[in-house]
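Following the hints, position chain D against chain E.
Protein sequences appear in the order of chains E and D. Take the first sequence: its position 108, counted from the start at 1, is 107 in numbering that gives the first Met the number 0, and no numbers get skipped. Take the second sequence: its position 300, counted from the start at 1, is 299 in numbering that gives the first Met the number 0, and no numbers get skipped.
Honestly, the hints are just simulated from the structure, not real lab data. Some clues are possibly wrong.
[Said to hold, decoys possible] Example chain E residues on the side facing chain D (calculated, C-beta under 8 Å, incomplete): (1) Phe11; (2) Pro21; (3) Ile31; (4) Ala32; (5) Gly33; (6) Tyr119; (7) Phe271; (8) Lys275; (9) Leu276; (10) Val277; (11) Leu314; (12) Gln316.
[As the list claims (entries may be wrong)] Example chain E residues on the side facing chain D (calculated, C-beta under 10 Å, incomplete): (13) Ser26; (14) Asn29; (15) Leu84; (16) Ile129.
Quick reminder that beta carbons are idealized off the backbone N, C-alpha and C, glycines included.
Number of protein chains: 2
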Amino acid sequence: MSDIARIEAASFRLAGHAVRTPLLGSSFLNEIAGRRVWVKAECLQHTGSFKFRGGWAAVSALTPDQRAAGVIAYSSGNHAQGVALAAARHEAPCVIIMPSDAPRLKIANTRAYGAEVVLYDRVRENRDAIGARLAAARGLTLIRPYDEPEVIAGQGTTGLEIAEQAVELGIRHADVLVCCGGGGLTAGIALALESRAPALRPRPCEPEGFDDTARSLASGSVQRNARAAGSLCDAIVTPAPGAITFPINQRLCGPGLVVSDEEAMRAIALAFTRLKLVLEPGGAVALAAALFRRDQIEGEDVIAVATGGNIDADLFQTALTHYAG
Amino acid sequence: MSDIARIEAASFRLAGHAVRTPLLGSSFLNEIAGRRVWVKAECLQHTGSFKFRGGWAAVSALTPDQRAAGVIAYSSGNHAQGVALAAARHEAPCVIIMPSDAPRLKIANTRAYGAEVVLYDRVRENRDAIGARLAAARGLTLIRPYDEPEVIAGQGTTGLEIAEQAVELGIRHADVLVCCGGGGLTAGIALALESRAPALRPRPCEPEGFDDTARSLASGSVQRNARAAGSLCDAIVTPAPGAITFPINQRLCGPGLVVSDEEAMRAIALAFTRLKLVLEPGGAVALAAALFRRDQIEGEDVIAVATGGNIDADLFQTALTHYAG
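Here chain E stands alone, though its shape is the one from the complex (with noise of 0.2 Å):
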């Protein structure tokens, strides 16, 4: 099958159960960015990220007998509730491994939609050999949370919306920035893009010291962070490229953009007050780079992927008090 057609495939078993999330923008925005700014809201999306898009994907394509036994993933938190919520809509026993770190919320929230919740340590622990441990011991199917191309064309069906948004919308020309990864999300929306609005250029955005898809896509070969935790944007912090997704952003993505954690918070205040949207720091990491790095972004529109909203109350009251106004 052609990566644009597991992408339309997975786009017919979500329908009636994905929220096509609205593109929505703002003048106050457009002001700061010197430009037309269009945010995907992917944080109203269920479990409050893209990632149920992928979860459902997987867990739909599996076969009723892998579905019986189970599935298990390993995430930070909004790969954990994608997978958990379509395993459990789907009647699928699941299994979540987090990173101890997580935001209470994710570890909750993933518990509460019915998954068994295995924790590790991010720094000590290999979460792949964990859960390589888990799956063959128990006969459930690995559900990765980038490397997977169900789970890639799951995320790619954000891509067909943004397609047919920017023609209702009347964008032509216009870069596409989406918060990164491993870059399951990326991947999928350069391959929608690709087929249906090639004038949508896709671009990675990172958080600074976690920039290995920019690093890696400037260099020309996969390049690794330094460190495996120590940003706010846990959502996006991954060691390094994915093995399917790396070559295919290398084909179809422009230059990645880096911005601070600070610059993250800020556009969490701004989403707050001029969208009315919860967003977290991984999830803000591009519409940060839309409103702040307007020297590196081409064309009179830019569209950020507005990637999720799993934040504690006592974080996003800090980027109210320190940067609201």
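What follows is chain D alone, placed relative to chain E:
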């Protein structure tokens, strides 16, 4: 023109200018409410509330001469912003009369949309008299916040969308809870549902102490509020039901629902955690009623219109500090 024809005409003029806001759900909210809860996220509308619909409908219905002379409106803030942005996009001069105790954000935004803001004392002065005097002196067309057929028609486009979205989501019978001040949105939605989805029953929702519409519906005659101010729900504090809106709501609405300011604040915190939406108190009363008045609601589904999100950061933080978790 029939009421539904006027709403359809407004919908045609609004196409491509208003946001088709999503109807969002959360299994966590369903559990609290004891039924499926659907939230019509009008806080995501331009200017942060549904009022943009009515403002646009009214300004776009004027003659070119009327638009050139300009418009005037009085409002605690959301109608102000809706009319101001609609006027600006039609290049019409705009004067807005606002109470001096309106939220700072609403006053600042109204000015930023290009309107001339005139402040008055909500308790001592009569905004209608001020509006009439200025309108006469400058040849401005007064756009009333609710007792105005074109405004009601614009707000009614929310009801057209709810009717369509209910079909898409498989919602057959439901109470549709609407945050209610003067009753313009309630009346517009009621007229749209009467024609397009008669199994959806509109019901006004109000804050304690300002439940004029609920008491008027119960008694069969127009009742006034004892006080002119003193609720967190500033957006929906009006002296009495409208002369045009009340007969419509009396004919078409189920009984009114009343919630406390504290319940509205709890709904704000839940919308933050579960829907990733920013609501203001007056925009959260319908969701509060959906969540905390289960015994007064009928059916397996309930739809709550989240009418606005223009809340100052400090009040939002109060909601998170005391009611999130």
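Structure-based check of all given hints:
no. : hint   : in the structure
1   : Phe11  : 16 Å, violated
2   : Pro21  : 6 Å, holds
3   : Ile31  : 12 Å, violated
4   : Ala32  : 16 Å, violated
5   : Gly33  : 17 Å, violated
6   : Tyr119 : 26 Å, violated
7   : Phe271 : 6 Å, holds
8   : Lys275 : 3 Å, holds
9   : Leu276 : 6 Å, holds
10  : Val277 : 4 Å, holds
11  : Leu314 : 11 Å, violated
12  : Gln316 : 5 Å, holds
13  : Ser26  : 8 Å, holds
14  : Asn29  : 12 Å, violated
15  : Leu84  : 8 Å, holds
16  : Ile129 : 28 Å, violated
Against the hints set out earlier in the document, violations occur for numbers 1, 3, 4, 5, 6, 11, 14, 16.
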